[in-house]
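Enquirer: These are the residues of each chain, in order.
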Amino acid sequence: MSTFLLVFGGMVIGGAIVAWLVLHFKLATAQRGWQLERARLEVEIAHRIPSSEVEDLKNANARHIAQSELEHAARFDHVLTEKSNLGQELEALRATLDEVKQTQEKETIEHALILQRYREEIKKDVSELFTTLRSIDRWNESMAELVKSNDAMQQRNSEFSDIAQQIIILALNATIEAARVGEAGRGFAVVAKEVKSLASRSESFSTHYKECLHMSDAVTIATFQDIQASGKMILTAVHALDMKVEHLNRPITQ
Amino acid sequence: MTTRQSSFPQNSKSALNTLLSNCLNESLKTEGYPSWTINPIDSVDEIITTEFTMLTVSSYDFRIFVILHSNDDTPTMQYASDALNVDLSQLSAATHRDFIGELGNRFCGAFKRHLGPCFPHMGMSTPNRLHNESLKHLKNLSFSYDTHVGACSDNGSAKFYASLFISLYDKANFSLDSLSKAEEQVEVGTLELF
Numbered sequence: 045m046s047t048f049l050l051v052f053g054g055m056v057i058g059g060a061i062v063a064w065l066v067l068h069f070k071l072a073t074a075q076r077g078w079q080l081e082r083a084r085l086e087v088e089i090a091h092r093i094p095s096s097e098v099e100d101l102k103n104a105n106a107r108h109i110a111q112s113e114l115e116h117a118a119r120f121d122h123v124l125t126e127k128s129n130l131g132q133e134l135e136a137l138r139a140t141l142d143e144v145k146q147t148q149e150k151e152t153i154e155h156a157l158i159l160q161r162y163r164e165e166i167k168k169d170v171s172e173l174f175t176t177l178r179s180i181d182r183w184n185e186s187m188a189e190l191v192k193s194n195d196a197m198q199q200r201n202s203e204f205s206d207i208a209q210q211i212i213i214l215a216l217n218a219t220i221e222a223a224r225v226g227e228a229g230r231g232f233a234v235v236a237k238e239v240k241s242l243a244s245r246s247e248s249f250s251t252h253y254k255e256c257l258h259m260s261d262a263v264t265i266a267t268f269q270d271i272q273a274s275g276k277m278i279l280t281a282v283h284a285l286d287m288k289v290e291h292l293n294r295p296i297t298q
Numbered sequence: 191m192t193t194r195q196s197s198f199p200q201n202s203k204s205a206l207n208t209l210l211s212n213c214l215n216e217s218l219k220t221e222g223y224p225s226w227t228i229n230p231i232d233s234v235d236e237i238i239t240t241e242f243t244m245l246t247v248s249s250y251d252f253r254i255f256v257i258l259h260s261n262d263d264t265p266t267m268q269y270a271s272d273a274l275n276v277d278l279s280q281l282s283a284a285t286h287r288d289f290i291g292e293l294g295n296r297f298c299g300a301f302k303r304h305l306g307p308c309f310p311h312m313g314m315s316t317p318n319r320l321h322n323e324s325l326k327h328l329k330n331l332s333f334s335y336d337t338h339v340g341a342c343s344d345n346g347s348a349k350f351y352a353s354l355f356i357s358l359y360d361k362a363n364f365s366l367d368s369l370s371k372a373e374e375q376v377e378v379g380t381l382e383l384f
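Chains P and L, in that order, give the protein sequences.
Here the first sequence is numbered in my numbering, starting from 45 and rising by one per residue.
Here the second sequence is numbered in my numbering, starting from 191 and rising by one per residue.
It cannot be assumed that every hint is accurate.
Here are the simulated DSS-like cross-link-like pairs (lysine-lysine), alpha carbons at most 27 Å apart as the crow flies [as the list claims (entries may be wrong)]:
| # | chain 1 | residue 1 | chain 2 | residue 2 |
| --- | --- | --- | --- | --- |
| 1 | P | Lys276 | P | Lys167 |
| 2 | L | Lys329 | P | Lys254 |
| 3 | L | Lys326 | P | Lys254 |
| 4 | L | Lys203 | L | Lys329 |
| 5 | L | Lys326 | P | Lys192 |
No wet-lab data here; the hints were simulated from the structure.
Model the full assembly from the supplied sequences, consistent with the hints where possible.
Expert: This is the structure in structure tokens:
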């Protein structure tokens, strides 16, 4: 089996060598043919175009190339110059930018400091406003005392009115008793009449005073309530302001 | 009475009238008194009671006296005792007085709350009880507009009256447009609006 494989392998390798040799020979033949054809064509061209024209063409080509090289060199110099100028402008712009940045940073710091100072001042003002609002509480207390005092005066006036009415009744009784004793009681009747007159005037004053107290009640309560309600309104507004100031004082990230 | 009613905006008048009725109805309603008939009253002189509870709502641009008129009669005391769940014979004068003060507070609180969307900055006073004799002096103060209603419970004879006396400092800033829209949507029940 191995002998058969050796023989078969040798036949394949031998065949391949023969095929390579044939191909190599054919290629060499073709190359030789192409070289001959090129030489023939060169001779033919040389015979067709005069040598002076060829020389002119060569010179023209050389001049064109030289001109192009000069132009390229000039353009290259121009580009280099432009590059240099742009570099300088860029540097100037960078310097300006740095300057602007520094100015801005400085201004930002200054603004932050001013803002901080204003915040502190507003906080202080709000705190003082709260203190000021205590005076409204004091007014409330004073007005409440005034209202109480009015009530007390109403009660006393009512008692005074009762007393005046009782005196009127007593004076009437005294007048009747004086009339009963006749001539002897005439002097007493005059006194009783005067007492009745004084009591009537007292009652009239009491009635007027009562009206005044009712008016005083109305005006006092109206004023008292307006102060109280306005105080609460201001307090609410100041609390709202205080919350806004607190919010301003928080860092932006919160 | 010194008033400048002609300069008061007409649409604000209507809104305030409706609001007054709604707030009175809202504060008077209790479990035993769920329904009230509320009618407008032309003049405060038609209101005859022994006393009134007064509160004030103040803002930068106005001052409003909110008044609840009441009597110390049996139906009113019965209403108080029912609301407080106390026997009428056990209801002291002081308890009744406190109840009326609290009722006035609730009524004015509802009024202020409804005005809130129109006027963010307002303050309200505590209630004070005044004799009816003081009312004639109070109404002599200068007002831009005043309005009054009477309420009668549908299942009894309890009666209350309410008044608003409004002083405007800056007419230009007094607008109840947003209030008008909101109040139109309120369920008014048996309320007789005007």
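Enquirer: Tell me, which hint numbers fail for this structure?
Expert: The structure breaks none of the hints.
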